[in-house]
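Visitor: Chains as they are written, first to last, in the numbering used here: chain B, 1 to 426; chain E, 427 to 601.
Everything labelled a hint here was simulated from the structure, so no lab data went into it.
Note that the structure is a prediction, hence the values are computed from the model and not measured.
For every residue, glycine included, the Cβ atom is placed at its ideal position computed from N, Cα and C.
Check the hints yourself; a few may be wrong.
As the list claims (entries may be wrong) - Just so you have them, the derived chain E footprint on chain B, three or more residues with Cβ under 8 Å:
| hint | segment |
| --- | --- |
| 1 | 31-39 |
| 2 | 137-144 |
| 3 | 187-194 |
| 4 | 353-359 |
| 5 | 412-421 |
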Amino acid sequence: MPMTMAEQILARASGRARVTPDEVVVARVDLAMSHENADLVRKAFFEIGVDKVWDPDRIVIIFDHRIPAESERTAATHKAVREFVAAQGIRAFYDVGRGGICHQVLAERGHVSPGMVVVGTDSHTTTHGAFGAFATGIGATEMAGVWAEGELWFKVPSTLRIEVEGALGPFVSAKDLILYIIGQLGSDGADYRAVEFDGSAVRTMTVASRMTLANLSMEMGAKAAFTPVDQTLIEFLEQRVRGPIDVVTPDSGAHYERVIHINAGSELTEPQVACPHSVDNVRPVSTLEDIEVHQAVLGSCTNGRLEDFKVAAGILAGQRVHPRVRLLAIPASQQVYLDAMREGYLTTLVEAGAIINPPGCGPCVGVHQGILSAGENCISTTNRNFIGRMGSKDSNVYLASPAVVAASAIAGHIANPARVAEEVFV
Amino acid sequence: MSSILKGRIAPVLPDNIDTDIIYPGRYLNITDREKTTEHLFELAYPELRARIQPGDILVAGRNFGCGSSREQAAAAVKFAGLSAVIASSFARIFYRNAINLGLPLMVSPETVARAAEGDELEIDPARGVVHNRTRNESYTAAPLDPRAIELIEAGGLVPYLKRKHAKQPEQLAHV
Numbered sequence: 001m002p003m004t005m006a007e008q009i010l011a012r013a014s015g016r017a018r019v020t021p022d023e024v025v026v027a028r029v030d031l032a033m034s035h036e037n038a039d040l041v042r043k044a045f046f047e048i049g050v051d052k053v054w055d056p057d058r059i060v061i062i063f064d065h066r067i068p069a070e071s072e073r074t075a076a077t078h079k080a081v082r083e084f085v086a087a088q089g090i091r092a093f094y095d096v097g098r099g100g101i102c103h104q105v106l107a108e109r110g111h112v113s114p115g116m117v118v119v120g121t122d123s124h125t126t127t128h129g130a131f132g133a134f135a136t137g138i139g140a141t142e143m144a145g146v147w148a149e150g151e152l153w154f155k156v157p158s159t160l161r162i163e164v165e166g167a168l169g170p171f172v173s174a175k176d177l178i179l180y181i182i183g184q185l186g187s188d189g190a191d192y193r194a195v196e197f198d199g200s201a202v203r204t205m206t207v208a209s210r211m212t213l214a215n216l217s218m219e220m221g222a223k224a225a226f227t228p229v230d231q232t233l234i235e236f237l238e239q240r241v242r243g244p245i246d247v248v249t250p251d252s253g254a255h256y257e258r259v260i261h262i263n264a265g266s267e268l269t270e271p272q273v274a275c276p277h278s279v280d281n282v283r284p285v286s287t288l289e290d291i292e293v294h295q296a297v298l299g300s301c302t303n304g305r306l307e308d309f310k311v312a313a314g315i316l317a318g319q320r321v322h323p324r325v326r327l328l329a330i331p332a333s334q335q336v337y338l339d340a341m342r343e344g345y346l347t348t349l350v351e352a353g354a355i356i357n358p359p360g361c362g363p364c365v366g367v368h369q370g371i372l373s374a375g376e377n378c379i380s381t382t383n384r385n386f387i388g389r390m391g392s393k394d395s396n397v398y399l400a401s402p403a404v405v406a407a408s409a410i411a412g413h414i415a416n417p418a419r420v421a422e423e424v425f426v
Numbered sequence: 427m428s429s430i431l432k433g434r435i436a437p438v439l440p441d442n443i444d445t446d447i448i449y450p451g452r453y454l455n456i457t458d459r460e461k462t463t464e465h466l467f468e469l470a471y472p473e474l475r476a477r478i479q480p481g482d483i484l485v486a487g488r489n490f491g492c493g494s495s496r497e498q499a500a501a502a503v504k505f506a507g508l509s510a511v512i513a514s515s516f517a518r519i520f521y522r523n524a525i526n527l528g529l530p531l532m533v534s535p536e537t538v539a540r541a542a543e544g545d546e547l548e549i550d551p552a553r554g555v556v557h558n559r560t561r562n563e564s565y566t567a568a569p570l571d572p573r574a575i576e577l578i579e580a581g582g583l584v585p586y587l588k589r590k591h592a593k594q595p596e597q598l599a600h601v
């Protein structure tokens with residue numbers, strides 16, 4: 001019986017020859033990741049009455065949501081987690097200044113490889129489907145159970161297959177593609193399902209761009225999302241992962257709930273923007289160019305990687321950020337920070353008038369380092385635009401690609417990077 | 427669940443109530459579950475918490491709880507005294523979080539379509555039936571999975587695992 005990616009991985013992790021959608025299996029967990037909410041997990045873990053985690057080498061903890069600590073309350077949770085990590089012998093702990101955003105750090109440090117079952121107490125854990133892992137977000141109490149037992153029950157999801165053919169146009173990126181798909185399918189269009197992306201447009205993408213696809217699949221409800229395990233990925237992993245790489249690919253003839261075909265060249269002719277206050281409220285950028293911008297954000301687990309900084313720096317080189325706009329640039333990790341510094345992208349951004357925030361979640365989750373006031377509009381490469389997400393309930397967040405954010409920062413209103421480039425170069 | 431849940435419908439909410447609406451991100455460093463309730467619906471519906479009475483049932487449209495994995499969202503609903511949530515559909519992480527905290531959830535678009543604040547409901551989670559006593563109408567719901575019922579009856583995943591781990595030495599003694 002041919003199986004999808006999700007079915008194969010869950011079958012193997014639960015010791016079965018095959019599984020089918022809707023079946024409930026108990027799967028062993030290969031990697032359990034948490035950020036600051038490890039403090040919540042820790043509390044629930046001790047309530048269970050277990051002293052030691054099942055396997056300290058399969059737990060990764062990365063501080064990213066509030067770094068450096070913005071309040072005494074946060075400082076206390078950080079301290080409690082540090083003490084827990086030391087007491088339990090958890091070696092993969094990335095403290096302030098050592099890591100960055102959890103999903104970026106897991107990828108860079110080679111924690112994830114194809115065929116793994118990865119759970120994280122962060123909804124954007126779907127990102128790791130870009131490495132061929134079944135990776136999904138869970139809550140803190142459930143993670144406490146994983147820390148105690150090393151396994152978790154899953155309902156085997158059915159799979160949507162999304163095949164994207166053709167080439168993405170100039171200034172059209174993976175972010176635009178996934179926003180377009182979410183706009184078509186709706187914010188619950190992939191609820192409880194796995195998604196497999198494939199097609200020439202996906203296979204020609206960098207690993208960083210594939211992470212953007214898998215990451216934002218969460219915003220249409222996906223339980224897990226996969227991009228191909230191909231030569232591009234294997235080369236990326238060979239530089240980072242210890243041990244052999246298991247090439248997991250979906251069986252030919254596997255059953256899909258639905259196969260969606262997208263022609264990137266003809267359907268996606270310009271950048272896309274998700275308008276307030278839901279990620280599926282997606283419109284082409286050219287219909288939004290009269291919207292004033294007060295803050296522009298480049299960063300997050302969705303779009304804070306080196307290629308994103310390269311695109312933004314390319315547009316901002318020799319330009320000035322509009323006087324009305326604050327441009328916040330947030331490298332997704334210490335490594336991205338260093339690389340962007342060495343490449344000169346940070347110099348370009350700072351010269352244009354950007355402020356560089358430390359590698360973390362910062363304004364994306366609306367806790368510090370860039371809160372919006374009532375009546376302000378923000379164009380952002382982040383992943384959610386819910387009411388009050390980045391500050392006041394009367395502020396507005398528009399989600400877009402790094403190119404659109406950079407162009408809008410210069411223009412002072414939402415702008416099509418193709419048009420800004422024309423004005424700059426003509 | 428052997429028991430029938432009874433309660434009054436609290437305010438009826440629309441589709442796509444996300445986790446930032448339920449529990450704003452700025453309060454994620456609060457790790458006492460009972461304290462989370464102070465910020466339930468704080469930004470988007472600040473007046474709503476005052477209209478919730480202990481034992482009420484929250485009713486909402488599609489995709490309730492979409493967004494973040496933050497468990498505080500489910501905790502805030504539970505510790506505000508709401509006895510259950512009925513929605514047309516739930517986002518999956520919220521669904522699991524609620525069950526793991528011992529908060530019953532029912533999927534029943536029929537109930538939602540006919541619900542009004544103040545209506546008295548009776549829910550049979552195992553059979554998947556919701557009766558609106560005010561309107562004298564019955565609706566079908568997806569029956570709760572036996573595994574979910576077991577967790578809810580135990581009071582959530584933590585008490586369930588606590589009992590399980592406490593039992594283990596005893597079981598070994600009998601081997």
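Visitor: For every hint, state whether the structure bears it out.
Guide: Against the structure, the hints:
1. 31-39: Satisfied; 3 residues make the cut.
2. 137-144: holds (count 7)
3. 187-194: Held - the segment 187-194 of chain B has 4 residues with a Cβ nearer than 8 Å to chain E, which meets the minimum of three.
4. 353-359: Coverage by chain E is violated here, the residue count being 0 at a Cβ distance below 8 Å.
5. 412-421: This one is violated; 0 residues, fewer than the three required, reach chain E with a Cβ under 8 Å.
In this structure, the earlier hints numbered 4, 5 are contradicted, and the remaining ones agree with it.
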